[in-house]
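S.K.: In case you want the letters, here they are:
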Amino acid sequence: MSKRILNLDERGMGIIRQISTVLYVITLYSLIAVQLYRQFALHQPNEEWNDIAIIITFNVIVWLGAVLYLTGLVNPRNVKLRYLIAGFIGFVLIGFAFTVFKYSVLLQQKLVMRHVLDYLLTVVKISALLVISWGLIAYLGNLRIEKRID
Amino acid sequence: MKLRLARVEKNLSQQQLADIVEVSRQTIGLVEKGGYNPTLSLCIKIAKALDRTLDDLFWEDGDDE
Numbered sequence: 007m008s009k010r011i012l013n014l015d016e017r018g019m020g021i022i023r024q025i026s027t028v029l030y031v032i033t034l035y036s037l038i039a040v041q042l043y044r045q046f047a048l049h050q051p052n053e054e055w056n057d058i059a060i061i062i063t064f065n066v067i068v069w070l071g072a073v074l075y076l077t078g079l080v081n082p083r084n085v086k087l088r089y090l091i092a093g094f095i096g097f098v099l100i101g102f103a104f105t106v107f108k109y110s111v112l113l114q115q116k117l118v119m120r121h122v123l124d125y126l127l128t129v130v131k132i133s134a135l136l137v138i139s140w141g142l143i144a145y146l147g148n149l150r151i152e153k154r155i156d
Numbered sequence: 002m003k004l005r006l007a008r009v010e011k012n013l014s015q016q017q018l019a020d021i022v023e024v025s026r027q028t029i030g031l032v033e034k035g036g037y038n039p040t041l042s043l044c045i046k047i048a049k050a051l052d053r054t055l056d057d058l059f060w061e062d063g064d065d066e
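For the record, the sequence lines run as chains A and B.
Residue numbers for the first sequence follow the working numbering, so the first one is 7 and each next one is one higher.
Residue numbers for the second sequence follow the working numbering, so the first one is 2 and each next one is one higher.
In short, the hints are calculated from the structure, not lab data.
Among these hints, one or two may not hold up.
Taking lysine-lysine and the DSBU-like style, the derived pairs with C-alpha atoms no more than 35 Å apart in a straight line are [as the list claims (entries may be wrong)]:
| hint | chain 1 | residue 1 | chain 2 | residue 2 |
| --- | --- | --- | --- | --- |
| 1 | A | Lys153 | B | Lys46 |
| 2 | A | Lys131 | A | Lys86 |
| 3 | B | Lys34 | B | Lys3 |
| 4 | B | Lys49 | A | Lys153 |
| 5 | B | Lys49 | B | Lys11 |
| 6 | B | Lys34 | B | Lys11 |
Partial list, computed: chain B residues near chain A (C-beta under 7 Å) [what the hints assert, rightly or not]:
| hint | residue |
| --- | --- |
| 7 | Val24 |
| 8 | Thr28 |
| 9 | Thr40 |
If you anchor each label on the Cβ, the simulated ranges turn out as follows [what the hints assert, rightly or not]:
| hint | chain 1 | residue 1 | chain 2 | residue 2 | range |
| --- | --- | --- | --- | --- | --- |
| 10 | A | Leu70 | B | Gly36 | 27 to 37 Å |
| 11 | A | Val85 | B | Glu10 | 49 to 59 Å |
| 12 | A | Asp156 | B | Asp52 | 27 to 37 Å |
Ideal Cβ positions, reconstructed from N, Cα and C, are used throughout, including at glycine.
One chain only, chain B, in its complex shape:
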């Protein structure tokens, strides 16, 4: 959910973000839905593409769990 929000705030479609980080649109969709655990290197690429930190995108607070 955090990833989707960050992507929308950055005005990027799933396909655009996928092209930037060199993965398929399906992979971005699955990461956003929690259906795929990305590698750390992909997490970093996504965070850089969205100008966020890993914590911003992937850290789950107690409230989120």
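Here chain A stands alone, though its shape is the one from the complex:
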């Protein structure tokens, strides 16, 4: 008869991982909902929701980076420059559309051309940084897996 108090084995660990994944997703979506509600429904100042936004951003960036690095998900041999450019343009379009929507509709601010160009420049910079960083991490992740196979 086993004297262990906990029946923790590979099956138990698998179930715990599944539960953790589901709860992580629920927590992340809840944080996003709370942040958007505070920002756009309650119109609270930045200080009231900035910490939540930072946690969400950190989580999403690190989650995707870790997935790309640890799984070796992307095969660099099949990645063409046009895919990277398409991804970059996609990021810019989505980011820019959301920024314009945020200021013009949600915050009901009047947009002037100078502001629009400023937003576009910021979105381009952030998108470039994300695409380059994730691309590099994906490449290194794939390299790591290949080294382990060799």
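For chain A, the structure is supplied; the task is to place chain B on it using the hints.
M.R.: Same frame as chain A, but now just chain B:
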């Protein structure tokens, strides 16, 4: 079914086999009933504990499917 037969032939209870391969009795019960797909390392541990091959315990012939 093959696993249960092999365990009984070896005169081991589910708990005894579970203790040998360091998992819970529930896991062994579920593997025997087909309610849990064990990892390859657990399959190997079980096969070694029962002095059988992986084929003996886990390979399904056409008749078994």
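S.K.: Taking the hints in turn, state whether each one holds.
M.R.: To see whether the hints hold, each was checked on the structure:
With a C-alpha separation of about 28 Å, the suggested pairing of Lys153(A) with Lys46(B) holds against the 35 Å cut-off. At most 35 Å may separate the alpha-carbon atoms for a hinted pair to count; Lys131(A) and Lys86(A) meet this at roughly 21 Å. At roughly 10 Å between alpha-carbon atoms, Lys34(B) and Lys3(B) fall within 35 Å of each other, so this suggested pair holds. The straight-line distance between the Cα atoms of Lys49(B) and Lys153(A) is roughly 31 Å, inside the 35 Å bound, and the hint therefore holds.
Our distance criterion of 35 Å between C-alpha atoms is met by Lys49(B) and Lys11(B), whose separation comes to about 12 Å. Straight-line distance between C-alpha atoms of Lys34(B) and Lys11(B) comes to about 18 Å, which keeps the hinted pair within the 35 Å bound. Here the hint on Val24(B) is kept, as its CB sits about 4 Å from the closest CB of chain A, short of 7 Å. Because the beta carbon of Thr28(B) sits about 5 Å from the nearest beta carbon in chain A, less than 7 Å, this interface hint is met.
Residue-level restraint check for Thr40(B) holds (minimum Cβ-Cβ distance to chain A is 6 Å; threshold 7 Å). Under the hint 27 to 37 Å, the C-beta atoms of Leu70(A) and Gly36(B), about 34 Å apart, fit the expected range. Range check, Val85(A) to Glu10(B): about 54 Å between beta-carbon atoms, so the 49 to 59 Å window is met. A C-beta distance of roughly 36 Å is found between Asp156(A) and Asp52(B), which places it inside the suggested range of 27 to 37 Å.
This entry satisfies every hint, going by the numbered hints stated previously.
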